[in-house]
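Residue numbers for the sequence shown follow the numbering used here, beginning at 1 and rising by one.
No wet-lab data here; the hints were simulated from the structure.
Watch out, some of these pointers could steer you wrong.
Said to hold, decoys possible - FRET-style restraints, in silico, Cβ to Cβ:
#1 43 x 8: 21 to 29 Å
#2 39 x 17: 15 to 23 Å
#3 2 x 36: 20 to 28 Å
#4 10 x 52: 38 to 46 Å
#5 33 x 3: 19 to 27 Å
Glycine is no exception: its CB is placed at the ideal position from the N, C-alpha and C atoms.
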Amino acid sequence: MSHVREWSRIEAERRIPEVLDGAKAGNLQMIRDVDGSFEVRFIALSEREPAGKLLARGGPDEE
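The whole structure should be built from the sequences, with the hints applied where relevant.
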C-alpha cells in the first residue's frame, strides 16, 4: 500500500533523488511551497494514455 511523503521545498530540492525514488516506488510525494504544494507521482510508460485518445477526450484531466 502506498503512503504520502511530505517534504518542504528546500528539503525536496536537496534530496531530489529520494523524492523521485519514492514516487517511482508508488508513494505520492507532496512538496510544500509558500504558495501551495506540488504532487510528484510516477506513471509507468505502459500506463500512459495514447495521445490520440487523450486529445479526443478534450479538457483538462481532473485527476
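Flag every earlier hint the structure violates by its number, smallest first. Every hint satisfied by this model.
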